[in-house]
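Student: Spelled out, the chains give:
Number of protein chains: 2
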Amino acid sequence: MCAATVPDIIIGRLPLYLRALSKMASEGNEITSSQELGARLGISSAQIRKDLSQFGEFGKQGTGYNIEFLIDQLRRILHVHQVWDVVLIGAGDLGKAIAHYGGFLDRGFQIVAVFDNDPKKVGQAVGKFTVKDTKTMIEEIQDKKIRVAMLAVPASEAQGIADELVKAGVLAILSYAPTSLKVPEGVRIQYIDPVLHLQRMTYYLP
Amino acid sequence: MCAATVPDIIIGRLPLYLRALSKMASEGNEITSSQELGARLGISSAQIRKDLSQFGEFGKQGTGYNIEFLIDQLRRILHVHQVWDVVLIGAGDLGKAIAHYGGFLDRGFQIVAVFDNDPKKVGQAVGKFTVKDTKTMIEEIQDKKIRVAMLAVPASEAQGIADELVKAGVLAILSYAPTSLKVPEGVRIQYIDPVLHLQRMTYYLP
Numbered sequence: 001m002c003a004a005t006v007p008d009i010i011i012g013r014l015p016l017y018l019r020a021l022s023k024m025a026s027e028g029n030e031i032t033s034s035q036e037l038g039a040r041l042g043i044s045s046a047q048i049r050k051d052l053s054q055f056g057e058f059g060k061q062g063t064g065y066n067i068e069f070l071i072d073q074l075r076r077i078l079h080v081h082q083v084w085d086v087v088l089i090g091a092g093d094l095g096k097a098i099a100h101y102g103g104f105l106d107r108g109f110q111i112v113a114v115f116d117n118d119p120k121k122v123g124q125a126v127g128k129f130t131v132k133d134t135k136t137m138i139e140e141i142q143d144k145k146i147r148v149a150m151l152a153v154p155a156s157e158a159q160g161i162a163d164e165l166v167k168a169g170v171l172a173i174l175s176y177a178p179t180s181l182k183v184p185e186g187v188r189i190q191y192i193d194p195v196l197h198l199q200r201m202t203y204y205l206p
Numbered sequence: 207m208c209a210a211t212v213p214d215i216i217i218g219r220l221p222l223y224l225r226a227l228s229k230m231a232s233e234g235n236e237i238t239s240s241q242e243l244g245a246r247l248g249i250s251s252a253q254i255r256k257d258l259s260q261f262g263e264f265g266k267q268g269t270g271y272n273i274e275f276l277i278d279q280l281r282r283i284l285h286v287h288q289v290w291d292v293v294l295i296g297a298g299d300l301g302k303a304i305a306h307y308g309g310f311l312d313r314g315f316q317i318v319a320v321f322d323n324d325p326k327k328v329g330q331a332v333g334k335f336t337v338k339d340t341k342t343m344i345e346e347i348q349d350k351k352i353r354v355a356m357l358a359v360p361a362s363e364a365q366g367i368a369d370e371l372v373k374a375g376v377l378a379i380l381s382y383a384p385t386s387l388k389v390p391e392g393v394r395i396q397y398i399d400p401v402l403h404l405q406r407m408t409y410y411l412p
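Here the protein sequences line up with chains C and X, keeping their order.
Per the working numbering, the first sequence starts with residue 1, numbered consecutively.
Per the working numbering, the second sequence starts with residue 207, numbered consecutively.
I should point out that these hints are in silico values taken from the structure, not numbers from a laboratory.
Even for Gly, the Cβ is constructed at its ideal location relative to N, Cα and C.
Fair warning: there could be bad hints in the mix.
DEER-style ranges, computed between Cβ atoms [claimed, not checked]:
| # | chain 1 | residue 1 | chain 2 | residue 2 | range |
| --- | --- | --- | --- | --- | --- |
| 1 | C | Gln82 | X | Pro213 | 31 to 41 Å |
| 2 | X | Pro390 | C | Asp163 | 23 to 33 Å |
| 3 | X | Ile215 | C | Gln82 | 35 to 45 Å |
| 4 | X | Pro360 | C | Glu27 | 15 to 25 Å |
| 5 | C | Lys50 | X | Asp291 | 33 to 43 Å |
Subject to a maximum C-alpha distance of 27 Å in a straight line, what follows is the list of computed DSS-like cross-link-like pairs (lysine-lysine) [claimed, not checked]:
| # | chain 1 | residue 1 | chain 2 | residue 2 |
| --- | --- | --- | --- | --- |
| 6 | X | Lys327 | X | Lys341 |
| 7 | X | Lys326 | X | Lys266 |
| 8 | C | Lys135 | C | Lys121 |
| 9 | C | Lys128 | X | Lys327 |
| 10 | X | Lys341 | X | Lys326 |
| 11 | C | Lys135 | C | Lys167 |
| 12 | X | Lys373 | C | Lys120 |
| 13 | C | Lys182 | X | Lys229 |
| 14 | C | Lys132 | C | Lys145 |
| 15 | C | Lys121 | C | Lys132 |
| 16 | X | Lys373 | X | Lys327 |
| 17 | C | Lys121 | X | Lys327 |
| 18 | C | Lys167 | C | Lys145 |
| 19 | C | Lys144 | C | Lys167 |
| 20 | C | Lys23 | X | Lys388 |
| 21 | C | Lys145 | C | Lys135 |
| 22 | C | Lys50 | C | Lys120 |
| 23 | C | Lys50 | X | Lys256 |
| 24 | C | Lys60 | C | Lys121 |
| 25 | X | Lys334 | C | Lys120 |
| 26 | C | Lys121 | C | Lys144 |
| 27 | X | Lys373 | X | Lys388 |
| 28 | X | Lys351 | X | Lys338 |
| 29 | X | Lys351 | X | Lys334 |
| 30 | X | Lys229 | X | Lys256 |
| 31 | C | Lys121 | X | Lys229 |
| 32 | X | Lys351 | C | Lys128 |
| 33 | C | Lys135 | C | Lys60 |
| 34 | X | Lys350 | X | Lys373 |
| 35 | C | Lys121 | X | Lys326 |
| 36 | X | Lys373 | X | Lys338 |
| 37 | X | Lys327 | C | Lys120 |
Listed next, the stretches of chain C that the computed footprint assigns to chain X, with coverage defined by at least 3 CB atoms under 8 Å from CB atoms of chain X [said to hold, decoys possible]:
| # | stretch |
| --- | --- |
| 38 | 6-12 |
| 39 | 68-81 |
| 40 | 96-106 |
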């Protein structure tokens, strides 16, 4: 099947598989099964086999999956066998927390610059970065051909910044701002919204 | 259909519907359709009708959904027609950002206490809270019968804190720590992991 036709809901599960498999590998395992993977993730083994079958034949009936091989394949499918340069916009509390987070590099991403439009923040150190003025953002993104951005700015500023990012050539935006953003066709956007997760749990609470 | 049998993947979409409907209401709309809602969310109208039909009959063929009514119904289904008290553990950069976030209350949640085990942070002001010592956490959770917690602590400390939260009676944990946590049956856990979102987008990038 042509990869372009795989439903996005399936694509959304692949990073979960990759994360679980990486954990298994770090625990010293070499082989797994759709049953074991499913049990870790709370997803049915049939669903996992069906999802993976969209991209090829990764395991054999009765012998399971070779973990390292499947990790490598999933990294290629998700385009994270390479490391993507990422710009972070917003050097407030959240931006600082993101800049300090150590879990990006071995999963395909590295922050290369942090921007803010607050003169009090520009020039300050955040983790290993010196905060730059958003005025220089478009030029730096264009120069370095950066395609991925994380947005940790107030809701009121998010659309304006997103527009600039798109203009500079960014194709994927992960926004922590609690507002929906409009981006042109061909630009991907994802949101992190803690309330969605909280509501998904309270459904089950007595 | 008995609500207990509704697949979790459907439950996970209900908060998205609720958020989009609340946005529509705030824009002054009174009626919508599964087509319009689907277009906003990138989900097929058939999927939306099928998801909602698990819980009853919320619209009529040809007349669409009454937005306020559907918001009210979804709030009841997700148990956010009430406001849940939430404890936040971790008063670092991320914890501060969460404590300052203004988008919880009108969606069913209010942070009532912030805890940290760092003596330098205990007693400090974070937003409208004074950071408390995690030593007093179990007692306060039990006294106030708090069922929901947000975890913004380092990965190395997350499991220990989660165990204490469960002991104190917490039934739902939203963890920002980049590690999988074990919780007993009957306790819900959700994770916020920016890399899952980033990888879901890079799949589509050239």
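Student: If a hint holds in the structure, say so; if it does not, say that too.
Tutor: Hints versus structure:
1. C:Gln82 x X:Pro213: 31 to 41 Å: Holds, at about 35 Å.
2. X:Pro390 x C:Asp163: 23 to 33 Å: Distance hint for proline 390 of chain X, aspartate 163 of chain C is violated at roughly 47 Å.
3. X:Ile215 x C:Gln82: 35 to 45 Å: The hint (35 to 45 Å, Cβ to Cβ) is violated, given that isoleucine 215 of chain X and glutamine 82 of chain C are roughly 30 Å apart.
4. X:Pro360 x C:Glu27: 15 to 25 Å: 20 Å, holds
5. C:Lys50 x X:Asp291: 33 to 43 Å: 41 Å, holds
6. X:Lys327 x X:Lys341: 13 Å, holds
7. X:Lys326 x X:Lys266: 58 Å, violated
8. C:Lys135 x C:Lys121: 13 Å, holds
9. C:Lys128 x X:Lys327: Holds, because 23 Å separates the two Cα atoms, which is no more than 27 Å.
10. X:Lys341 x X:Lys326: Cα-Cα ~14 Å, so holds.
11. C:Lys135 x C:Lys167: 13 Å, holds
12. X:Lys373 x C:Lys120: 44 Å, violated
13. C:Lys182 x X:Lys229: 14 Å, holds
14. C:Lys132 x C:Lys145: With a Cα-Cα distance of about 17 Å, the restraint between lysine 132 of chain C and lysine 145 of chain C holds, given a limit of 27 Å.
15. C:Lys121 x C:Lys132: Distance ~8 Å between lysine 121 of chain C and lysine 132 of chain C Cα, so the pair holds.
16. X:Lys373 x X:Lys327: 24 Å, holds
17. C:Lys121 x X:Lys327: With a Cα-Cα distance of about 22 Å, the restraint between lysine 121 of chain C and lysine 327 of chain X holds, given a limit of 27 Å.
18. C:Lys167 x C:Lys145: 12 Å, holds
19. C:Lys144 x C:Lys167: Roughly 14 Å between the alpha carbons, so the hint for lysine 144 of chain C and lysine 167 of chain C holds.
20. C:Lys23 x X:Lys388: Satisfied, since the Cα-Cα distance of roughly 14 Å is no more than 27 Å.
21. C:Lys145 x C:Lys135: Within the cut-off at roughly 17 Å; holds.
22. C:Lys50 x C:Lys120: With a Cα-Cα distance of about 52 Å, the restraint between lysine 50 of chain C and lysine 120 of chain C is violated, given a limit of 27 Å.
23. C:Lys50 x X:Lys256: 22 Å, holds
24. C:Lys60 x C:Lys121: 55 Å, violated
25. X:Lys334 x C:Lys120: 23 Å, holds
26. C:Lys121 x C:Lys144: At roughly 23 Å apart (the allowed maximum being 27 Å), lysine 144 of chain C and lysine 121 of chain C satisfy the hint.
27. X:Lys373 x X:Lys388: 13 Å, holds
28. X:Lys351 x X:Lys338: Within the cut-off at roughly 17 Å; holds.
29. X:Lys351 x X:Lys334: 21 Å, holds
30. X:Lys229 x X:Lys256: 22 Å, holds
31. C:Lys121 x X:Lys229: Answer violated: lysine 121 of chain C to lysine 229 of chain X is near 32 Å, above 27 Å.
32. X:Lys351 x C:Lys128: 42 Å, violated
33. C:Lys135 x C:Lys60: Violated: lysine 135 of chain C and lysine 60 of chain C sit about 54 Å apart, past 27 Å.
34. X:Lys350 x X:Lys373: With Cα atoms ~14 Å apart, lysine 350 of chain X and lysine 373 of chain X stay inside 27 Å; holds.
35. C:Lys121 x X:Lys326: 24 Å, holds
36. X:Lys373 x X:Lys338: 18 Å, holds
37. X:Lys327 x C:Lys120: 24 Å, holds
38. 6-12: holds (count 3)
39. 68-81: Answer holds; 4 residues pass the 8 Å Cβ test.
40. 96-106: holds (count 7)
Against the hints set out earlier in the document, violations occur for numbers 2, 3, 7, 12, 22, 24, 31, 32 and 33.
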